[in-house]
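Given the sequences, and given the hints that come with them, work out the whole structure.
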Amino acid sequence: MNRASLPLLVVALSLSTPTSKAQDKPLAFVGARVLPIASAPIEDGVLVVQRGRIEAVGARASVALPVDAVVIDVKGKVLMPGLVDTHSHVGGGWGADGSAPIQPGVRMLDAVDCRDAGLQRAQAGGITTLNIMSGSGHLMSGQTIYVKNRDVGDIEQMCYRFVDGAPMGGMKMANGTNSQQDPPFPGTRGKSAALVRESFVAAQEYQRKLEAAAGDASKLPPRDLALEGLLEVLSGKRVVHHHTHRHDDILTVLRLSNEFGFRVVLHHVSEAWKVADEIASEQVPCSLIVIDTPGGKLEAMDFDARSAAELEKRGAASLVAFHTDDWITDSRLFLRSAALAVRAGLSRDTALAALTVNPARMLDLSDKIGTLERGKDADFIVLSGDPLSVWTHVEATWVAGEKVFDRANEKDRLWADGGWGAGQDRVGGLCCLGDREVR
Amino acid sequence: MKLVRGLLSLGVGLALSGALVAQDIAVRAQRLHTVSGAVIENGVVLVRSGKISAVGRASEVQIPSGMRTLAAAVVTPGLIDAHSVVGLAGYLNQPQDQDQHDPAAPIQPELRAIDAYNARERLIEWLRGFGVTTIHTGHGPLALISGQTLIAKTRGDTVDESVFVPCAMIAATLGADSRAEGPGKSPGTAGKQVALLREAFLAAREHQRKLREAGDDAAKKPERNLRHEALIDVLERRVPLLVTAQRHQDISSALRLAREFDFALVLDGASEAYVVLDEIKAAGVSVIAHPPMARFGGELENASRATPKKLADAGLRFAFQSGYESYVPKTRVVLYEAAIAAANGLGADAALRAITLDAARILGVDARIGSLEVGKDGDLALYDGDPFEYTTHCTATVIEGVLVSEGAR
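Protein chains in written order, with my numbering: chain A, 1 to 439; chain B, 1001 to 1409.
Some hints here could point you the wrong way.
[As the list claims (entries may be wrong)] Label pairs and their computed distance ranges (CB to CB):
| # | chain 1 | residue 1 | chain 2 | residue 2 | range |
| --- | --- | --- | --- | --- | --- |
| 1 | B | L1403 | A | D248 | 34 to 42 Å |
| 2 | B | D1115 | A | D302 | 26 to 34 Å |
| 3 | A | D248 | B | G1184 | 43 to 51 Å |
| 4 | B | P1103 | A | G187 | 24 to 32 Å |
| 5 | A | P183 | B | A1073 | 53 to 61 Å |
| 6 | A | A38 | B | G1364 | 38 to 46 Å |
Source of the hints: derived by calculation from the structure; they are not laboratory data. Cβ atoms here follow ideal geometry from the backbone N, Cα and C, with glycine treated the same way.
Dropping the structure here:
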């Protein structure tokens, strides 16, 4: 099955129209080196945004600035799409509890603290979209939530939406050691896979009953939140985000995915380099973790930062993304993860795509975010220099045309650097809106 | 191993008609950071019998004919990780490879690091690959007094081949990580932590008094007590007390204890040091700062990447550590950590000094390591660019004239 070319069963709805009055006027960012990702870098480029969307991108000579545009000089800076983190635990939410290993009815939507300091730090790190997930201590710990990192203090206003209007997200799954515990949790890998298979078989049975009822309410099976969650996985609406590290665990995910036909993004994939041929030939997206040292747990003992380069070598560059797994990697260090993969042999182009358009595709959001193209959401970051340099800072982060982080602003700087009070959760939309209005 | 090295040097010596031994090496650098002096463009370091015999411009230092010669864009002194648990804590993070903390009692200064150090631990090899040639490691920041630390080179197959300071410091910890929770558990509060430490030092002082009074009279000597003996080393300033304290009030408590018992204090972690800079400076205490990439939560909720710059501006001596990690990554890398500080106000020169010469000074081994000066150990790190840049590689590591790691990492 070629997962990359699966027809998009789901088209994300636009977020509710951005409300800031300030955005009625077009903003023109002029003079930066612009990295649209969708096309070649533009020296002395222009980015025009209005009402939360990108109006124009191009070389200065080729873009006519709107007459009423507010011009912002970003000469000497680098401008690129906002970063997309496919795997984050900011917000302090827990999904499933200790009662069972498979709980697909549980939603992160109901658990995330959207005023968590971690979301502010993510803004300081240039992250504009996050897939916030529950942990890997369950075979299936629940429904994830795709979040636009805006300062609104309301998770309902922050989440992307499916076409049916429901909050958008995937399904978190895990195999390997984290989800092996005392009963009722599985004690072995074989048992882990058997429990997952049983669940999907049960969902298929449920589906059959639903279809047999043929719309007759009296024949419908009782509603079952867990099975409904699984059906969204089987239908392809909800992508499985699968924690997996060891080479054999990775192949187990592929086997189950093929058996039940669910769409999957492999996460962490510490030993991807060992099974890069299999991953590339099956065209499975990989969101890779980058850690400073192998080990810390048995299934990460053979972690190798070369995995991304090995996939790229096999023609799978578009399938590679990185993630923070915040709090494994601090959200402010997301760019660094890609840079360390470059150190280990990845091309710079793939590294930047792996922070933007590739993860956007993994979240079914590439029609809205991930590149700087006309019509896409105005999510972008202004950098002081090369995105892959330690000496570079995120100077500003813009989400849907609103500046949510400004390194020159003392309050925002606290999120970038840390310092007294930096650990206290709050939300900019309430405390600092006045500072953030664009004049 | 020593025998093998001996034979090897003999063999090489014969082959090159006598002049050179295995611990001879020359290193050329486009940029040579001596740290003790100015950066030398197109520099050369000669190492003879493991010690630096010459440092200077390529035009001034002649490389003896036939001497093994390495070259790199940038060369620095071997890096020093000023506080780690590597070697006691293993990379698998399973019970059998975790010896950094024995939970039986809150105060166990008698636990020697040399009895637990695994010189073949893979994490040591890992650090060496980034140019780290010396680690100060041992019992972890997980008990009021968890035990002793040691200083080792990141080479050697046994503890004796690696370690050059068997008891470097005694590791104490204030704050949440050394607090015991639950009914009947102690120490459960900050006040109790300090009370227990004071009692331990008072007991050691009493033992010290009895020993002094007994003089050479064996009959009058008190029974040996390993715990008191270890703390007497602290009271008599032979061994510093390394106190891990993140909160400002715990830092102040450590300074207060040091005043009361007049021991040599080294502050560790110190994430809120910027609140009590004057106090630390007045005490003349050095700081082994928390890793700038440590997780900013819990006791580190007020941590700041600007702290190293503030320590530098205050004139305090400080170094960086890989620290203690209970999960992933199992160790950090001081090269990476110093890089973050460098890019957040500290600057490259001060950051490099903190992981070389200033670390050596804090550890009391600067006569031997920490800078490229004639007579010091031939410990070198070679890089293909700016050492702090994310995409730069460490291409080789040399310890006492021996190439111990090569290949880009």
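Checklist line | Index of numbered hints that the structure contradicts, given in increasing order | finding: 6
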